[in-house]
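As they're listed, the protein sequences go chains D and H. Going by the working numbering, 46 is the number at position 46 of the first sequence; the sequence numbering is gapless. Going by the working numbering, 1052 is the number at position 52 of the second sequence; the sequence numbering is gapless.
Take the hints with a grain of salt, since some may be wrong.
Straight-line Cα separation of at most 20 Å, EDC-like style, residue types lysine to aspartate or glutamate; simulated pairs [unchecked claim]: (1) D:Lys94 <-> H:Asp1146; (2) H:Lys1093 <-> H:Asp1146; (3) H:Lys1018 <-> D:Glu136; (4) D:Lys231 <-> D:Asp210.
Listing some non-contacts, in silico: residues in chain H with all C-beta distances to chain D over 12 Å [to be verified]: (5) Arg1006; (6) Lys1094; (7) Ala1100; (8) Ile1109; (9) Lys1132; (10) Gly1140; (11) Gln1141; (12) Asp1144; (13) Asp1156; (14) His1239; (15) Thr1271; (16) Leu1314.
By construction, these hints were calculated from the structure, which means they are not laboratory data. C-beta: ideal position from N, C-alpha, C; glycine also.
Number of protein chains: 2
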Amino acid sequence: MQDLNRFISDGLLALDYKREPQGLYAPIAYTLESGGKRVRPMLALIAAQMCDGSLQTVLPAALALEVFHNFTLLHDDLMDNADTRRGKPTVHKKWNNNTAILSGDQMLIESYKIIQDIPSQYLSESMRLFTKMATEICEGQQYDIDYEKQSEVSIDEYINMIRLKTAVLPATSLQLGALISGANTDIQTTLYQIGIYLGLAFQLRDDYLDVYGNPETFGKNIGGDILDNKKTFIYIVAHHNANAEQNILLDKAFALTDPAQKIKEVTQLYTLTEADKMCLEQIDYYHQLALQQLNTLQIPEEKKTDLYNILQQLLKRDK
Amino acid sequence: MQDLNRFISDGLLALDYKREPQGLYAPIAYTLESGGKRVRPMLALIAAQMCDGSLQTVLPAALALEVFHNFTLLHDDLMDNADTRRGKPTVHKKWNNNTAILSGDQMLIESYKIIQDIPSQYLSESMRLFTKMATEICEGQQYDIDYEKQSEVSIDEYINMIRLKTAVLPATSLQLGALISGANTDIQTTLYQIGIYLGLAFQLRDDYLDVYGNPETFGKNIGGDILDNKKTFIYIVAHHNANAEQNILLDKAFALTDPAQKIKEVTQLYTLTEADKMCLEQIDYYHQLALQQLNTLQIPEEKKTDLYNILQQLLKRDK
């Protein structure tokens, strides 16, 4: 998988955003150089290997997925007014809001440009899947915004929101890798479903680490979601599990103005209501569902190792 | 052409943006319902008729061009912090900035979704042309932003900027209409070139009307570009033509704080330096070039009438 990482980095570098006008392209180069786990292109390439496809043939789709993902981060950071991303200033902080809007737009267009280099027999279907995914991610982002103002969000609503906002991207990455490698519809659909379970578990792991992560290893500040009053899985489950008295305490804790005190008291109540435990159980549940699907996948067992490993790695991570 | 207008309106209506989540789609419906001249889809359909194509087959491309155009207006209005568009509040004023960002992104994605419905034999080439156009429009927008801060902008730089920002869209509209109707490369290229000349003349007409338009018929407030110190064609030519004394007077006039006084004095200097006259000549120059290309076009003369008429209509307009 080390080799795949290198293959992806080289591919991104070859896109070469040292172009004019620099005001448009420099922020794109900056965003793509700033790293990240490259999970989505990795999944596309792993799917290609599983389906005896050519890495070179799947590469444009893999890169398009990574550029698209980074476009969503760029515009999300602007909408959230986030200061940093991957330890560096966000584009709207380093440049300005208008640069973040326009260079983000161009990144979205670039993702469509890059994916056009896949073989023509797969182009129409790939474009359809890619566009469906892009639409769902925008819908998920809208639900996320809506839920901030909505007084109660059910667990089902939350899971559907993160399915759209987060899980369809790894799912489509796996499916596109398989499709462009000539895999049949059954294999494509199963890989898509594995990606959905992976994405759901991945996001819940993120929710969990935001509260219980190790500040030394977790990239973001612990308790950020609590300070933002974000209705994460843990938040929703804690309110659901809490008795009348605990619900009052939760509301009081969320109303605290001292950040450290707020994080401390909310975290205690999360633990008291066993929201942490239920979150870990739910992660494990989706992990198991992903593994079950992987078991049923009609390809030789020895070809499943990389995807098996990446599931372990992403869902047991502490950063 | 009345029929084509109706055909386009019906097509846009059938896209049906009464979807969930409403927070994402209502601003898209609002933007598309707010009218406009529908020039770009009209050009695609006129090209289809010229090349004996089917309107129904070209319709997805025509609608994609209109949705894409409206996406650029939505994000441009946000970047310019414009209050109104077509007499109605802009999306970021009616909703908020984040809505304008996200619904704009989705409109861009929608344009790619819509264009996928063209026949598969034209998909790859159409996507390539559409994406090239989208890229150039973002580049043009970036140059426009850059030029606001640049002390001197040459006429060539300005023309190249509006070619990218404005002219490639009508050009690509004509070319796509021809391509999807099975026209050969010569016809496609000539129509593209006509669209470029049309677009350049159209933008210069806009620059002219912003200063010399009739407030009764022109949709926007007269003198808006002057108040914004915009380096339009007239601005650049006036500075180019002005003698030393007039250049000082121009700088003084642009430094005035009373809006009415500023518009009056700048306009007088524009007229004195004959920038108005040169602008009209330049419009006529591009109009003539477009007509020359139309003459050379290898299709029966009687099929050229609609495009001939739309050139007249757009370039002699006073609104």
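- prompt: Against the structure shown, which of the earlier numbered hints fail to hold, in ascending order?
  reply: Numbers 2, 7, 8, 9, 10, 11 and 12 - these are the hints that the structure violates, sorted from lowest upward.
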